[in-house]
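Asker: Residue strings, one per chain:
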Amino acid sequence: MMRHLISAADLTRDEAVRILDTAEEMARVADRPIKKLPALRGRTVCNLFFEDSTRTRISFEAAEKRLSADVINFAAKGSSVSKGESLKDTAQTLEAMGVDAVVIRHGASGAPYRLATSGWIDAPVINAGDGTHQHPTQALLDAFTMRRRLVGRDAGIGQDLAGRRITLVGDVLHSRVARSNVDLLHTLGAEVTLVAPPTLVPVGVEAWPCEVSYDLDAVLPKSDAVMMLRVQRERMNAAFFPTEREYSRRYGLDGDRMARMPGHAIVMHPGPMVRGMEITAEVADSDRCTVIEQVANGVSIRMAVLYLLLGGNESDAPNPRTEEK
Amino acid sequence: MDAQHSTDAARPVLEAPDIARALTRIAHEIVERAKGADDVVLLGIPTRGVHLARRLADKLEGITGQKMAIGSLDTTMYRDDLRLKPARTLARTEIPASGVDGRLVVLVDDVLFSGRTIRAALDALGDIGRPRAVQLAVLVDRGHRELPIRADYVGKNIPTSLRETVRVQLAEEDGRDTVLLGLKDTAPAGEQ
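These protein sequence lines are chains A and B, in that order. Note that the working numbering numbers the first sequence so that position 181 is 1640, with each residue one more than the last. Note that the working numbering numbers the second sequence so that position 67 is 74, with each residue one more than the last.
Chain A with its partners taken away, still in its complex shape:
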């Protein structure tokens, strides 16, 4: 297993499947009266959030606490960062405090990579979203949700998503979720199609391991999963597309469009949803929509990642008595 989790592109197929399989076991803990495992007892994890995020931070915090880790939450707002402290100084402070892992969310693409490779800190670094670059645990929880729904809960163990056709719809340009998903789904053997207005397709997308289409209706009938991306309302009247209605008409998912999808196909959304524009209430509330499941699966995936990065010790020589009874 790798030492840090910076990008979904860094994961091999086997590493990704191992994370999904571990998450499947972690998910069982949520069904128990005592939702806690002692795996990270005595370890300290710092959630370093330079950018606001409630959902991801709470998800990581729940995962850390279920593994019995000690949790330090650090929000840049109101901290020394707002007084001008650099990432390097913050990292060295954490290192001096003996933090065992850092979960970092940053508005600048590449900040987690810098933290992991600069030598400022020795602990494993987990990227919880950086700029428009990557959000690997989101991609993993999406893949986990797809595998559960499309392959099966128990039948899915050890399996990837080979041959499944996944469509990502919406603001690909600004979406780290889209980037991470394309990387991971490709690694897992799925065929990915991006559907977006031409203005929201990034330059250089030809080099990505996926197809690009501007016509949602043509892609829907051959999709096993359709993932709607969030469109930020603040960008609505910028030059990206004429009006909200126009976007909704061409790229929104409503009941009619959902009916054109194959019977087994699911609708996904990383949240928060903008109802009425990118997705109608009818679709969002249907049992084919996995938004709530994705949230629950997020905790299991983050537990799996934390356990695999922190649960053991790579540096020690293997003990000949690996199965002491």
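Don't read these hints as lab results, they were simulated from the structure. Any given hint could turn out to be false.
Lysine-lysine pairs mimicking DSSO-like chemistry, simulated, CA-CA at most 27 Å apart [claimed, not checked]:
1) K92(B) x K191(B)
2) K1536(A) x K1495(A)
3) K66(B) x K163(B)
4) K163(B) x K191(B)
5) K92(B) x K1494(A)
6) K42(B) x K92(B)
7) K1536(A) x K1524(A)
8) K1495(A) x K92(B)
9) K1524(A) x K92(B)
Chain A is already provided as a structure; the job is to place chain B on it using the hints.
Answerer: The following block gives chain B in isolation, referenced to the frame of chain A:
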């Protein structure tokens, strides 16, 4: 694991009929001590303990005519050496729908050695529920306990030296039933 390599140097101490007989005897002992098997839950410890628990359940069903509650209990997260080695892959924990509260839980494993796996299993069990009592059934007890733990049902006591390895092979996992006694120096890592 490299089966071929280890079997070259290892000597079989139990063959398939011996293993079957030992399990039959354990099944009868369980019924006798529990005065029936009404509230018994068998929990196998992965990997081979789960297969043994399944075989014991079949035998118990034969004796009592009742369906047995059976599951598996992974101890990985509760091990005291978790931090000393690379992260291990988790195995399956499956608790029967009836739960373990107020029941007699019989933990089933292939080899009892230091006792640390069983300690971890007891901790794991404590997070799942509160059994009326917990008992331990093992196919082989090879001694060298590091904790005050004792098995209630033992298929065979095999006194060993610490230089020796005991390896249980079961048809479900390894294609045949046998217990092999070998020497550590010649055996690949990953054995007990």
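Asker: Does each hint fit the structure? Answer for all of them.
Answerer: To see whether the hints hold, each was checked on the structure:
1. K92(B) x K191(B): holds (20 Å)
2. K1536(A) x K1495(A): violated (31 Å)
3. K66(B) x K163(B): holds (18 Å)
4. K163(B) x K191(B): Holds, at about 21 Å.
5. K92(B) x K1494(A): Distance ~25 Å between K92(B) and K1494(A) Cα, so the pair holds.
6. K42(B) x K92(B): violated (43 Å)
7. K1536(A) x K1524(A): holds (23 Å)
8. K1495(A) x K92(B): holds (22 Å)
9. K1524(A) x K92(B): At roughly 22 Å apart (the allowed maximum being 27 Å), K92(B) and K1524(A) satisfy the hint.
Violated hints for the displayed structure, listed by number in ascending order: 2, 6.
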